[in-house]
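Participant: Each chain is listed here by its residues.
Protein chains: 2
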Amino acid sequence: MYVILVYDIKEKRVAKMLKHCRKYLNWIQNSVFEGEITEVKLKELVAGARKFMDEEEDSVIIFKNRDQKWLDKQVVGVERMGTDNFL
Amino acid sequence: MYVILVYDIKEKRVAKMLKHCRKYLNWIQNSVFEGEITEVKLKELVAGARKFMDEEEDSVIIFKNRDQKWLDKQVVGVERMGTDNFL
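Note that the protein sequences, when read in sequence, are chains A and B. This note's numbering applies: residue 1 is where the first sequence begins, and numbers increase by one. This note's numbering applies: residue 1 is where the second sequence begins, and numbers increase by one.
It cannot be assumed that every hint is accurate.
Cut-off 30 Å, straight-line C-alpha distance, at most; resulting in silico cross-link-like pairs (DSS-like, lysine-lysine) [said to hold, decoys possible]:
1) LYS16(B) <-> LYS73(A)
2) LYS73(B) <-> LYS16(B)
3) LYS10(B) <-> LYS23(A)
4) LYS41(A) <-> LYS23(A)
5) LYS73(A) <-> LYS51(B)
Covered by chain B, per the in silico footprint, the following chain A stretches (three or more residues, Cβ under 8 Å) [stated by the list, open to error]:
6) 10-20
7) 23-33
Note that these hints are calculated values from the structure, not bench results. The C-beta atom is built at its ideal place from N, Cα and C for all residues, glycine as well.
Just need the whole structure built from these sequences, with the hints factored in.
Facilitator: Here it is, written out as structure tokens:
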């Protein structure tokens, strides 16, 4: 399964969330990740995130697609993919 | 066509980008939009955004899907959809 994950997290928890998501997906922009993941691994990702999220304040949205070939991606401006190596 | 649009824009241009994107798509999270849009309208959105973006600093990623039914959306934590009415 191909997913896009976006989060909106209070600043004090951002570093933790970033580190957590990068174990499972590719970081492509500030608070945006994408990648192939199994249903089991995605559950693990969400359960792990819930442990430190404040669900009254923070938000994570996951868009799931059965097949990546149905998605086409257009990037305008800076491509952030390269920054993945810097953290 | 169903799209997800995410942006990472320097703060001084964020308000402008938000206002611009909301003319075309639904605002669902901090810097995330989704919705049905035609190819022509999407080109208009991108051309409009390019007028005030700094393409050395700012980034917009658009994920395109032919058919929304292939996408499944999971929200963890706060649902921000309601905030759309406040601005």
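Participant: Which earlier hints can't be squared with this structure?
Facilitator: 6
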